[in-house]
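Chemist: So the chains spell out like this:
2 protein chains.
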Amino acid sequence: MKKVRFKAKVTYDGSGFYGWQVQPGKRTVQAEIERVLSQIFQQDVKIQGCGRTDTAVHAICYVFSFSVHTDMTPAEVMKATNSLLDKKIRIKEVSYAENSFHPRFDARKKIYRYLISEFNSPFLINRAWYICQKLNIAKMKKAAEYIVGTHDFACFQASGRKAKNTVRTIEYIKIKRERCCIDPDVKMIAIEVCGTGFLYKMVRNIVGTLVDVGRNKKLPEQIKEIIESKDRKLASATAPGYGLYLKNVIYKRAS
Amino acid sequence: MKKVRFKAKVTYDGSGFYGWQVQPGKRTVQAEIERVLSQIFQQDVKIQGCGRTDTAVHAICYVFSFSVHTDMTPAEVMKATNSLLDKKIRIKEVSYAENSFHPRFDARKKIYRYLISEFNSPFLINRAWYICQKLNIAKMKKAAEYIVGTHDFACFQASGRKAKNTVRTIEYIKIKRERCCIDPDVKMIAIEVCGTGFLYKMVRNIVGTLVDVGRNKKLPEQIKEIIESKDRKLASATAPGYGLYLKNVIYKRAS
Numbered sequence: 225m226k227k228v229r230f231k232a233k234v235t236y237d238g239s240g241f242y243g244w245q246v247q248p249g250k251r252t253v254q255a256e257i258e259r260v261l262s263q264i265f266q267q268d269v270k271i272q273g274c275g276r277t278d279t280a281v282h283a284i285c286y287v288f289s290f291s292v293h294t295d296m297t298p299a300e301v302m303k304a305t306n307s308l309l310d311k312k313i314r315i316k317e318v319s320y321a322e323n324s325f326h327p328r329f330d331a332r333k334k335i336y337r338y339l340i341s342e343f344n345s346p347f348l349i350n351r352a353w354y355i356c357q358k359l360n361i362a363k364m365k366k367a368a369e370y371i372v373g374t375h376d377f378a379c380f381q382a383s384g385r386k387a388k389n390t391v392r393t394i395e396y397i398k399i400k401r402e403r404c405c406i407d408p409d410v411k412m413i414a415i416e417v418c419g420t421g422f423l424y425k426m427v428r429n430i431v432g433t434l435v436d437v438g439r440n441k442k443l444p445e446q447i448k449e450i451i452e453s454k455d456r457k458l459a460s461a462t463a464p465g466y467g468l469y470l471k472n473v474i475y476k477r478a479s
Numbered sequence: 225m226k227k228v229r230f231k232a233k234v235t236y237d238g239s240g241f242y243g244w245q246v247q248p249g250k251r252t253v254q255a256e257i258e259r260v261l262s263q264i265f266q267q268d269v270k271i272q273g274c275g276r277t278d279t280a281v282h283a284i285c286y287v288f289s290f291s292v293h294t295d296m297t298p299a300e301v302m303k304a305t306n307s308l309l310d311k312k313i314r315i316k317e318v319s320y321a322e323n324s325f326h327p328r329f330d331a332r333k334k335i336y337r338y339l340i341s342e343f344n345s346p347f348l349i350n351r352a353w354y355i356c357q358k359l360n361i362a363k364m365k366k367a368a369e370y371i372v373g374t375h376d377f378a379c380f381q382a383s384g385r386k387a388k389n390t391v392r393t394i395e396y397i398k399i400k401r402e403r404c405c406i407d408p409d410v411k412m413i414a415i416e417v418c419g420t421g422f423l424y425k426m427v428r429n430i431v432g433t434l435v436d437v438g439r440n441k442k443l444p445e446q447i448k449e450i451i452e453s454k455d456r457k458l459a460s461a462t463a464p465g466y467g468l469y470l471k472n473v474i475y476k477r478a479s
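These protein sequence lines map, in sequence, to chains A and B. Going by my numbering, the letters in the first sequence line up with residues 225 to 479, in that order. Going by my numbering, the letters in the second sequence line up with residues 225 to 479, in that order.
Hints were generated in silico from the structure; no laboratory data involved. Computed from a predicted structure; not experimentally measured. Every residue gets a Cβ at the ideal spot worked out from N, C-alpha and C, and that includes glycine. A portion of the hints provided could be inaccurate.
[Said to hold, decoys possible] Okay, the calculated bits of chain A under chain B, using three or more residues with CB under 8 angstroms as the criterion: (1) 230-243; (2) 308-321; (3) 339-348; (4) 397-405.
Chain A with its partners taken away, still in its complex shape (with noise of 0.2 angstroms):
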C-alpha cells in the first residue's frame, strides 16, 4: 500500500471539549479524530491542525491533514470517519494533499466568526454571547476601522502573554444584523474577522472591545489610542469562547 496524505475539512461543536489540541486526559477534538483514525488505518495516526481552538470554542470549517498507508479513496476516508465519530464532530470534506502540505504553515488567511445575540435563547446556548442591551452598530463599525490594517496587536494578546512579534494583518472586520434561524425572533449581531495571523485569543479581544464600544462604554475613536499604547489593560475583557466559530482557513491554491 502507497503512503497517502489526506486534508480533511471539519465542523464540531466545541461544547463538551477542551479545544482542538490533544491534552494529556482531557476530551480534546484532536484526540476523538486521531483515535477514529487509528482504527480505521490500524495504525497510529498523528493529525496536524491548522491552529489551536480554545475550550468550548467551535468550528464551521477548520483544515487538518494526515499520512497513512492505505488504498482508501478520500470519499471512503469520510465516510468511514463520519460513521464513528462523535456527532458533535463531522467532516465536511476529504481530498488528497501534496506530501509537503501543512495545514498551519501554509495558511494565508483565516476568518472568524463571532455571534451575539440579544435574547437568551435556549437554542442559542453555548452558541451566542448574549448580551441584554442593545448596541450600537454603527459605532462598532467605526471602531473596527481602526483595527483593520496592519498594526502591533499587543493590546489584543492574551493578558500574560508575550509574543515576540505582535504585528499582524487584519483584512476586514463584517458586522452584520442577522437572525436566529431556529427561532426567527430573535436577533443576533455576527462578526466576521478576516486576518493573515492572530495572536492568542486576539479575535474575543477584539469582540470584547467592540462590544464595550457597542454599549457606549468607550468611544470608536478610543480604539486608535488602545492600538498605540500596546497596554493589554486598556482594551476590554475577553468575550467568552462559547460565542467564536473559525470559519474558514483561506490557501495558496483554491481550496
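Following the hints, position chain B against chain A.
Modeler: For chain B alone, kept in the frame of chain A given last:
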C-alpha cells in the same frame, strides 16, 4: 392581595423533556414551570397550556396562563421566573389576562415550523431532521396545495387514534430554502404550517408525506387520493419530533 390572571409566552428546547404535559415521574416543561411558579408565589400554581407538545418537540412561542394571588407586575413575574427556570426554557413575555382567558380553548390558529437539514451539522443535533438526499421543493409545494383547505384529515392522524371529528382547516403551508445561522454553508428547508386545529401528530405526518414527495417516492397528485382515502396507512411515516417547533398561537385579539 388580589387574584390576577397572567398570560405568558415561552420558548423551549424540547430535547431532554418528555413534552409539555405533566406526567408522573417524568421531566416535562409544564412541570418545570409549575415548580418555579409555585416557589415564587409560595402557593400551588397550576398552569393551563395551549396544547400538548410531544417528547423532543420545541417551542418558539408557546402560550400558557395561570391565576395567583399577588402584587407582582408582569415584568417582575417574568424576571423572577427566568432567574429560576432551567435555561432550556425562557419566558419571552408576560401580560395580564382576562379571568376567562384560556390558552387552548381561545386559540384561533396555530403555526408550526419544521426544519429539515441537508447536512448532519453538529449545530443542528436535535434541532432539524437530517435528510442526505436532495429534496424536490417544487414537487413538495405542489403536493402542499392539495392539503391546504378544509378536509377530513383522518389519513394524517396518529396511527391507532380515532378522533370523532377529523375535519380540520389548514390555512397555508409555506416551504422555503433557508440557511443555518450558525454555519451558513448548511442548507435547510423550513416548512411552516398554519391551521385552525390539528389532529394528534398531524403536522409530523404531513411533513413525512411531503418529504416522500420531495424524494420522488410519491407524486404530488397522490396527496389528493391519500386525503380522500382517509387511510393513515397510505400516508408516509411520521417525521421525527425534534424537527418540529410550535411557532405561534393566534387569539381573537392581538396578542
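Chemist: All the hints need checking, so say for each whether the structure fits it.
Modeler: Hint check:
1. 230-243: Held - the region 230-243 of chain A has 3 residues with a Cβ nearer than 8 angstroms to chain B, which meets the minimum of three.
2. 308-321: holds (count 5)
3. 339-348: Check passed, 6 qualifying residues.
4. 397-405: Coverage by chain B holds for the region 397-405 of chain A (4 residues, Cβ < 8 angstroms).
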